[in-house]
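Peer 1: As a plain string of letters, each chain reads:
2 protein chains.
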Amino acid sequence: AASIRRALIYEGYSVEVVHDGAQALACARDHQPDLVILDVMMPEVDGVDICTSSDTHHEIILASLAAGKHLITEKPVGYNLEQCREMRWYARQYAHLKMAVGYSLRYHSIHIEARRLIREGAIGRPTYGHVEHSHGGHGMSGVFDRPAGPRSALSDRSSGSYIAGSELTSTTHPFDLCRYLFGDVKDVFAFKQPYGVFVTMRFESGATVQCTSGSVSRVQPNVLTVQGTDGVLQTRNEYVPPVGTKGKAEEEVDLVLVMKPRGFYINGQGYHEIKVDKLVVGHGDEARCTNFLDAVFHDAELISPLDDAIKTTELLHAIRDSHDHEIRVPIHYQEKTG
Amino acid sequence: AASIRRALIYEGYSVEVVHDGAQALACARDHQPDLVILDVMMPEVDGVDICTSSDTHHEIILASLAAGKHLITEKPVGYNLEQCREMRWYARQYAHLKMAVGYSLRYHSIHIEARRLIREGAIGRPTYGHVEHSHGGHGMSGVFDRPAGPRSALSDRSSGSYIAGSELTSTTHPFDLCRYLFGDVKDVFAFKQPYGVFVTMRFESGATVQCTSGSVSRVQPNVLTVQGTDGVLQTRNEYVPPVGTKGKAEEEVDLVLVMKPRGFYINGQGYHEIKVDKLVVGHGDEARCTNFLDAVFHDAELISPLDDAIKTTELLHAIRDSHDHEIRVPIHYQEKTG
Chain A
1 AASIRRALIY
11 EGYSVEVVHD
21 GAQALACARD
31 HQPDLVILDV
41 MMPEVDGVDI
51 CTSSDTHHEI
61 ILASLAAGKH
71 LITEKPVGYN
81 LEQCREMRWY
91 ARQYAHLKMA
101 VGYSLRYHSI
111 HIEARRLIRE
121 GAIGRPTYGH
131 VEHSHGGHGM
141 SGVFDRPAGP
151 RSALSDRSSG
161 SYIAGSELTS
171 TTHPFDLCRY
181 LFGDVKDVFA
191 FKQPYGVFVT
201 MRFESGATVQ
211 CTSGSVSRVQ
221 PNVLTVQGTD
231 GVLQTRNEYV
241 PPVGTKGKAE
251 EEVDLVLVMK
261 PRGFYINGQG
271 YHEIKVDKLV
281 VGHGDEARCT
291 NFLDAVFHDA
301 ELISPLDDAI
311 KTTELLHAIR
321 DSHDHEIRVP
331 IHYQEKTG
Chain B
1 AASIRRALIY
11 EGYSVEVVHD
21 GAQALACARD
31 HQPDLVILDV
41 MMPEVDGVDI
51 CTSSDTHHEI
61 ILASLAAGKH
71 LITEKPVGYN
81 LEQCREMRWY
91 ARQYAHLKMA
101 VGYSLRYHSI
111 HIEARRLIRE
121 GAIGRPTYGH
131 VEHSHGGHGM
141 SGVFDRPAGP
151 RSALSDRSSG
161 SYIAGSELTS
171 TTHPFDLCRY
181 LFGDVKDVFA
191 FKQPYGVFVT
201 MRFESGATVQ
211 CTSGSVSRVQ
221 PNVLTVQGTD
231 GVLQTRNEYV
241 PPVGTKGKAE
251 EEVDLVLVMK
261 PRGFYINGQG
271 YHEIKVDKLV
281 VGHGDEARCT
291 NFLDAVFHDA
301 ELISPLDDAI
311 KTTELLHAIR
321 DSHDHEIRVP
331 IHYQEKTG
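Top to bottom, those sequences are chains A and B. If you read the first sequence in UniProt numbering, its first letter stands for residue 1, the second for the next number, and so on. If you read the second sequence in UniProt numbering, its first letter stands for residue 1, the second for the next number, and so on.
I should point out that these hints are in silico values taken from the structure, not numbers from a laboratory. Keep in mind that this is a model prediction, so the values were computed, not measured. Keep in mind that a hint or two might mislead.
[Said to hold, decoys possible] EDC-like cross-link-like pairs, simulated, lysine to aspartate or glutamate; straight-line CA separation at most 16 Å:
#, chain 1, residue 1, chain 2, residue 2
1, A, Lys69, A, Glu59
2, A, Lys186, B, Glu326
3, B, Lys186, A, Glu59
4, B, Lys69, B, Asp30
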């Protein structure tokens with residue numbers, strides 16, 4: 001710390017040095033610094049929240065675990081299968097630590113309730129499903145002229161080492177949601193286009209799921225369908241006009257907001273709305289922090305644990321291989337640790 | 001006719017013979033016969049409605065055209081690519097005749113309106129879509145134990161020569177609907193399971209569509225999404241409680257009817273319901289007859305013309321090849337006529 005301080009002062013910066021997490025928080029509040037340089041070995045800190053660029057997650061995860069810290073990290077975890085193998089080995093070595101990953105769709109309250117219902121057998125055994133989750137804001141002009149390859153690396157510094165879905169569509173999320181709801185995947189087939197990735201997955205359970213991770217021009221037509229041996233479950237966006245437009249003629253309302261996912265299931269007992277205490281959508285930041293702290297301090301079950309997210313990365317690699325070569329690809333789980 | 005009459009009387013049947021279509025209709029009304037033996041060469045008849053078992057369609061179509069009759073036939077048309085080639089050749093030879101195919105989903109008023117909107121550019125150029133159309137009533141018990149191959153040939157007498165979707169799911173319909181909405185298909189990938197066929201199609205236009213033709217345990221979660229460069233269009237089933245149950249508590253209503261498909265599109269001008277004059281669902285028998293007669297007598301455009309349905313069969317053959325071999329398959333259009 002002393003040598004970094006000297007170097008920075010020499011460069012003309014004003015520097016405050018503290019030696020544990022509690023002091024760091026107090027100091028940050030007092031001084032509102034432009035830059036914080038942190039050491040994951042810092043005393044008085046129980047956990048680390050990793051929100052650096054995607055390709056740095058791996059080394060920080062390993063360092064955090066080695067330093068004995070609980071961790072919550074942004075996705076993705078693992079840029080190649082060797083990183084998956086290494087991370088899985090670390091995760092098992094430090095099994096007493098809590099490790100959470102920010103796969104947003106898992107934290108949406110309607111998905112949590114949907115999963116609970118499926119696991120409880122509300123619609124029997126799942127046979128097939130469809131997950132359509134599309135991202136706005138990427139622009140659609142000239143989509144047919146673009147090459148289908150990576151267009152922008154987004155948060156990725158090292159171009160060429162991107163993983164499927166982390167470029168144009170920027171959404172690895174729906175593929176992870178499929179795993180959250182249906183379990184482990186056996187094999188996949190994928191077509192990739194400039195406007196989306198289209199995957200069919202066969203699960204270990206016997207279920208088959210079609211998944212669209214697309215780019216949209218205006219609003220997200222997100223739909224989740226799960227067909228079971230004794231019913232069907234569906235969640236989907238409802239399109240709600242902006243507040244203050246009620247009663248106005250359709251042509252006077254020129255903006256459409258997508259606000260409320262709605263869910264229901266139908267089985268031998270009839271039609272049932274899926275009810276949630278609190279509607280969580282978007283990035284689900286609060287829900288993920290709450291779940292992480294509950295796990296650290298009260299041993300709650302993690303909604304998106306690292307060892308599960310590693311399997312999502314292995315799925316993503318199979319998806320990339322499939323759309324690159326236009327063949328069916330089995331998932332390679334890197335279980336070997338030697 | 002005389003020799004058939006003699007043979008039947010010899011067998012103990014009572015037989016009436018007439019010699020043109022007008023007499024035949026009058027005779028059928030008077031006698032309510034148990035069996036009618038018809039000749040497609042019959043005078044005083046302008047058209048033939050083919051509703052025999054699937055594998056006989058081909059020969060009757062060719063005979064009807066050769067006899068100079070307009071025709072309306074149930075799907076499918078063509079059990080192999082050679083039949084497609086032959087039928088296309090006949091269709092071109094007798095281009096003055098109207099030839100319609102009973103692909104039910106094309107006659108649903110909401111699909112007709114959806115197609116019109118797409119063609120008019122209401123959501124820009126289609127980039128991707130999803131068609132989920134599932135059939136009830138096939139039973140779901142033991143679906144994971146069944147082989148994924150043909151389970152029942154349904155209307156098919158010649159087992160082994162079935163085409164994709166004409167067995168368990170019995171639905172070639174959603175694949176044809178994809179063609180109706182998105183045009184000609186370039187290549188496909190398909191997984192087939194005992195509970196459905198799951199296909200991803202890439203279209204000549206550049207669009208990509210995921211299509212589920214599934215079996216359901218209870219109600220059909222039919223969804224159509226079309227994402228365009230300037231908006232999105234969606235139709236889907238609404239689940240409506242039976243008449244007379246309004247106001248009752250959820251747990252008192254033990255039967256759920258799927259009644260009303262609802263459609264809307266969202267573009268730069270806002271949110272718009274898709275409105276239809278008359279809701280046509282199910283087999284659409286009346287709509288298809290009306291369209292056929294309008295075509296014969298008023299030269300109206302056919303909603304489901306034979307030459308287009310032949311292309312659907314060629315798509316179905318590619319789907320079968322794809323799921324049999326688990327590889328991507330291009331569509332072979334049998335354009336050669338020599």
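Peer 1: For a quick check of understanding: which of the numbered hints are violated here, in increasing order?
Peer 2: Violated hints: 3 and 4; rest satisfied.
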